[in-house]
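Those protein sequences? They're chains A, B and C, same order as listed. Residue numbers for the first sequence follow my numbering, beginning at 1 and rising by one. Residue numbers for the second sequence follow my numbering, beginning at 1001 and rising by one. Residue numbers for the third sequence follow my numbering, beginning at 2001 and rising by one.
In case anyone wonders, no lab produced these hints; they're calculated from the structure. Since the structure is predicted, the reported quantities are computational estimates derived from the model, not experimental observations. Possibly wrong hints are sitting among the right ones.
[Claimed, not checked] Which chain A residues stay away from chain C? Per the calculated CB distances, all over 10 Å, these:
hint, residue
1, 37
2, 41
3, 456
[Stated by the list, open to error] In silico contact screen, one side only, chain C against chain A (beta carbon under 7 Å); selected entries:
hint, residue
4, 2059
5, 2325
6, 2381
7, 2384
All C-beta atoms, glycine included, are put in the ideal place defined by N, C-alpha and C.
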Amino acid sequence: MKLTNRDLVTIDDLSNPEIKGLFSLADEMADATSEQYGVCKGKIMASLFFEPSTRTRLSFEAAMHRLGGRVISAVDIGSTSLAKDESIADMARVVGAYADIIVIRHPWEGAARVVADYAGIPTINAGDGGHEHPTQTLCDLYTIRKERGTLRGLKIALWGDLKHGRTVHSLIYALARFGATILFCPGRGLELPEHVLKRLDTEYKGELRRYDNREQEPDSKLFPIDAVYMTPTSPHQLAMLPDISLRVELKEGVDALYVTRLQRERQAPASDQKELGKRYPVVDRRLLKGQGFEKTLVMHPLPRVDELACEVDSDPRSMYFKQAAYGMPVRMALLSLLLGTKEVALPEGHRSFAKKVQYPVYKRDSAVKCSNAKCVSNQATETKYIKPEFRVVSNKPVTLRCTYCDHELRPGYVASAEWHQGKLENKKYHRADSHWARKIKPENLIVFASEEEAQAKQFRPGHYSR
Amino acid sequence: MKLTNRDLVTIDDLSNPEIKGLFSLADEMADATSEQYGVCKGKIMASLFFEPSTRTRLSFEAAMHRLGGRVISAVDIGSTSLAKDESIADMARVVGAYADIIVIRHPWEGAARVVADYAGIPTINAGDGGHEHPTQTLCDLYTIRKERGTLRGLKIALWGDLKHGRTVHSLIYALARFGATILFCPGRGLELPEHVLKRLDTEYKGELRRYDNREQEPDSKLFPIDAVYMTPTSPHQLAMLPDISLRVELKEGVDALYVTRLQRERQAPASDQKELGKRYPVVDRRLLKGQGFEKTLVMHPLPRVDELACEVDSDPRSMYFKQAAYGMPVRMALLSLLLGTKEVALPEGHRSFAKKVQYPVYKRDSAVKCSNAKCVSNQATETKYIKPEFRVVSNKPVTLRCTYCDHELRPGYVASAEWHQGKLENKKYHRADSHWARKIKPENLIVFASEEEAQAKQFRPGHYSR
Amino acid sequence: MKLTNRDLVTIDDLSNPEIKGLFSLADEMADATSEQYGVCKGKIMASLFFEPSTRTRLSFEAAMHRLGGRVISAVDIGSTSLAKDESIADMARVVGAYADIIVIRHPWEGAARVVADYAGIPTINAGDGGHEHPTQTLCDLYTIRKERGTLRGLKIALWGDLKHGRTVHSLIYALARFGATILFCPGRGLELPEHVLKRLDTEYKGELRRYDNREQEPDSKLFPIDAVYMTPTSPHQLAMLPDISLRVELKEGVDALYVTRLQRERQAPASDQKELGKRYPVVDRRLLKGQGFEKTLVMHPLPRVDELACEVDSDPRSMYFKQAAYGMPVRMALLSLLLGTKEVALPEGHRSFAKKVQYPVYKRDSAVKCSNAKCVSNQATETKYIKPEFRVVSNKPVTLRCTYCDHELRPGYVASAEWHQGKLENKKYHRADSHWARKIKPENLIVFASEEEAQAKQFRPGHYSR
């Protein structure tokens, strides 16, 4: 298996067999770290961190050094030329001429995609705003696999802030790809957003069951499950599902409890934060005495604040510092594969559990823009280079997903490029949520941000335009 | 001599023979710098600077590179995850999984101790607030030894700000350990604090003699000595002492004049600074023409401001740039010893001049906290991990010294864990400065921050509680 | 050819043959980049950036890594000891003891000269305020030579902001040295300053012809040439000059169009910037369709903002990303030459086209100071070390050029050190712009900042003092 010159922008850039191949190389490197010095001799990694993250940056840099490679770093946006209104596309092309691989963290969602497109060398996304952080997901999966021996058929509980922090969403999709059963245990007001649940349903074809945990006593010893997701590859579990109860669910034992902290930095008003912080669920010794947790791996992407009590640190089930340490072999394996200085045998007999749905690309010019203000496609310096780009992920109602940041939007008005009998007087637009809209084939779809746009483009109001 | 996996948090972590062993390795490395490339091949040093210090950081990083090792750096607290309220204990554990050795500078006093306790790899303190900066002390000692040929029986004058900047206090204790005679020449209002003088007395058992230099004319050519300290290992000097005068003292010649700058950043109001700055004593060509300075090494830890005139730079007695340069072999030797890639023969026939006093540890739970607001044990993020810890350094009056930052405090009330005849009604507390308090054995000592605390713990006011 | 232990502070530190020798080494290194790993093994480069510049810094650091050398970096003035009022001369001496070569960027003009004077190791100026940026000039020249095959007899158009940004002025002088014909195409209000034009005239002895482009229509397709400069080594061109017109000039074809961005950061009021920005000339596809541009190299030092349209990026004439990439071999060659790990055969049969004029140094004490507030010689921390130093570049009127920053100033009053008949009553001063001043030999010249200074020095008003 070769990954030479590939990028890692989202976890979906790697197939399940590729992830497993990468993990077997990581195993090999972990067992003989000192022998890897020289694997990337003469190679240069550019470490471009436009947002603070000591942990991730030092992990990548140490991994490159362990491989005998070299590192050039730009750590702070204030110390870069970007202050002079340079586009990251230009920056990517210049750094691409100096280094052999780029690791980038940037506050704009989709920024790593733009860098990968322009740099001309392999690019790794080390976090693009709230969008993706695929090497964190790899470390999480690697920890579970390393400690459980497999990634198949596991039961993983996700705890805390499931609303913000889409890195947790990436993990959810990745777990679904490997056939996991996922228990969602959010803090109040921090439940998983509808669009993630919907995506689990439509793209990963799993079974979703919700629980009403508002009736649970606040001091109940019961584990506060909000919903359970099961992939379709676990048929006997599905059969059991109708009779399942919270207690039954837990009796089988949870393989891993993945704790997250309140994502303050992605949130709005300080007052709400305080309130959410107060009610934020804490994982402590008492909780881990509960039923089903006897062998549970306690995980956390770190840094933690108060949601994971220090008293748990010495518990043999605590994996979070090991999880951080596993970042080293995982990133070493990734760097050497993308740089082409290593290859591994593809694991046999594996296939993806969930087949990734390929949606049609919407390519027409339009005034429709991504609705995410943090999306790279909405930044003044970048619009010179990149145009909004979407995939049509649904037609009931018409829904576009931004190629850069994965945010979804619903345009107000639509038309079909194939108007009735080819007559121009039939060139009409309709409301996007009308039943008429569902009949347009994706390849013929035209979207409008407003009626004004439609009319300016010579379309007339159709029957379903109001 | 092996120092593998040891930490260097305070200069006291190294015995006198270990310091001399380290210096002989530094000599060896200074003589053949280019041959050291490869000594630390494949090793990674994490350079964590949470306070600005180009000089120290670049010196450490260059030393590691000269040894063929690698470096990962986090330079600015703003660019780290710590902004997210992470504890340095957590940070230490994570970085400990990436690197082979940590060099840390941090504004909290005692921070390096916490990092050393949690990192699991050797840790070097590159300055923890105003507390310690042991490699600076090593460079200072190495310079004197290199240029004078010995560390025994020297006469060292300390000049300038002896009040703030406890790195100078560390140097004083280290000099005392090597049997030096120390002349204190402070600026007005910048005299050595009482607790340092007391510690010289009680722990290093030397002889201290004070002079009243207020009577000196402001423009006197006389060197403004404030006090002289002599270690007990110089008996013939002690004998001379009663008749000594300033002039006699100087006639013998000063081996080194150690100049310090006004520690503005550790001080309070700007107005006072201005006033102190005006009266700050300047070392210039004229002063160095004085009696006793014919062969004196002029030293300074740098950076300097105005206290050391540029006109002195070309004088052959000026050592300060050489002193900075000696940082290279000293730090190379230290890194390779702690990493275990080098060992040296222990110098024979050497012993510590001053035996370090071991004080009993106060381990009981108590509301008593370190009185130093900058102490790591008082930081919100750290109290989850670490409890206040003290040593009982005196019982007249009862005095505790913080294990982290070395600040001393005197609790208000005390009791004995061995109450009279074991009767609970004898469970009484007393004022800590009462003569009764002196009778409590250190292992039985109980301290209280207040009468309220004592009473809450079921103690009743004793005879000496008012 | 050896350049061991030389500095590169201004482009004039290298002769034309040396530049060509450096370029032939760069060619060699570009053809076999991976074979250079080891050329600087064990050497340390200190990368000291007191102003933001990711591009230049990463380029230097990557170059050093490609050579197998090591790098220590200080990126932000806030994270250095300089905040403590240390002089850069002191800093240079300390870093000079840690590293083998220094690369420095600093906002003070002339700072690199001071560092070079005190560091004791080779020093490369990576930009000192608005003064010089010689490696940028080297990359520019290298790009032209690489793509055109020669540096002789080229026609280069400079576009945009020719007023600010003296790096463009450095390029102009360098082009003149290689015998180029230079077309100046400034934005309105951004014309080349008089002192540059004058210097081209007096030092490079070329022929200058100006055009009045105010009469051109704003939307004229005509290339807005403001002036043309020709070196004296192109005699047949000089002969043609009297009949030349803009159109004729362009018919011969432009070898390179060098685009610059508006130097906002060197300018004063924001309101003016906005106005200048609006009228700033843009290089786009339409302009490049013009006559004479068929084979023109489009160059830009980057970062760009809007003055160079993205639509041009894919044009085969666009050189700006290649130009950035050429920074790698050029800087690799430079580092290895200055470190003495490489030498090259001097190219034969080459000589400088323009002989550099050597002006006499003005060494007397005087109250005259450099008039440039950003000059290193005017900084409080540096005046302890360095005195103002000037060269006498003209005596009609008397003009001094600062040795550090190249700014010129005209003192108000002058005298001759050789007073008439040696009589003290003839010790008189005169106005510097009087015809009498022209008679003073440079070696006898005495300058005064004011009449007061002259009188304080016992000079009396002369006949031409009013």
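These are the hints, each one checked on the structure:
1. Distance to chain C confirms residue 37 of chain A as a non-interface residue, since its nearest Cβ pair spans about 14 Å, more than 10 Å.
2. The claim that residue 41 of chain A is not at the interface with chain C is violated, since a C-beta of that chain comes within 10 Å of its own (minimum 7 Å).
3. Here residue 456 of chain A stays apart from chain C, with its beta-carbon at least about 25 Å from theirs, past the 10 Å limit.
4. Hint status for residue 2059 of chain C: holds, given a least beta-carbon distance of 6 Å to chain A, under 7 Å.
5. Interface restraint check for residue 2325 of chain C: the shortest CB-CB distance to chain A comes to about 4 Å, inside 7 Å, so the restraint holds.
6. About 22 Å separates the beta-carbon of residue 2381 of chain C from the nearest beta-carbon of chain A, more than 7 Å, and the hint is not met.
7. Interface restraint check for residue 2384 of chain C: the shortest CB-CB distance to chain A comes to about 29 Å, outside 7 Å, so the restraint is violated.
Going down the numbered hints, you'll see the structure goes against 2, 6, 7, while the others check out.
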